[in-house]
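Add chain Z to chain Y, keeping to what the hints say.
Same order as they appear, the protein sequences are chains Y and Z. The numbering of the first sequence is UniProt numbering, which starts it at 1 and goes up by one. The numbering of the second sequence is UniProt numbering, which starts it at 1 and goes up by one.
One should not assume that every hint holds.
Since the list gives no way to pick out one identical chain from another, each pair is judged satisfied if it fits inside one copy or across any two copies.
Pairs of lysine to aspartate or glutamate residues, derived as EDC-like cross-links and limited to a Cα-Cα distance of at most 20 Å, are as follows [what the hints assert, rightly or not]:
| # | residue 1 | residue 2 |
| --- | --- | --- |
| 1 | Lys33 | Asp45 |
| 2 | Lys33 | Glu65 |
| 3 | Lys33 | Asp44 |
| 4 | Lys33 | Asp8 |
| 5 | Lys33 | Asp66 |
| 6 | Lys3 | Asp44 |
| 7 | Lys3 | Asp45 |
The set of hints was computed from the structure by calculation and includes no laboratory data.
There are 2 protein chains.
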Amino acid sequence: MLKPEILDPQGQAVQRALPRLGYQGITDVRQGKRFELELEGPVDDAALARVRQLAETFLANTVIEDFTVRVEENAGENAENEVVTA
Amino acid sequence: MLKPEILDPQGQAVQRALPRLGYQGITDVRQGKRFELELEGPVDDAALARVRQLAETFLANTVIEDFTVRVEENAGENAENEVVTA
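Okay, chain Y solo, but in the shape it has when bound (with noise of 0.2 Å):
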């Protein structure tokens, strides 16, 4: 996501459209990206520290966004699945 400090004239566009098509009460929208990483092999502690490392350096722009890494199971599958927000 954008840093809070930087405009988001995306996000703004989206909460300026929202009372006149009936949603009333959104005090803020702020638009950004999301990554999913599908690992193999178990996520413990370096690999997640390795997708911290790739978020910061490729996926994030950390000049002027912000990133969270989040672990999601994924049943179903061998591979656990990731996501990284920036």
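For chain Z alone, kept in the frame of chain Y given last:
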């Protein structure tokens, strides 16, 4: 996120670049959008249903995209935070 059966060229481009950048063992990358909505008042079932409808109608293109709605408490502010990912 794009539905699993929909081709995701952005995610594929990221995935193909990773080994070159020194990241092995990532079997799939999908890229999608993420919206953070801030709501006035409590995030009760009614508010959540409204946000789901909003996501389905305006934020996501449900022909090609799935979405999930997740509630995030926003510590330090009165308004609770709501995350929609498309």
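Going through the earlier hints one by one, which of them does the structure break, listed in rising order?
Violated: hints 1, 3, 6, 7.
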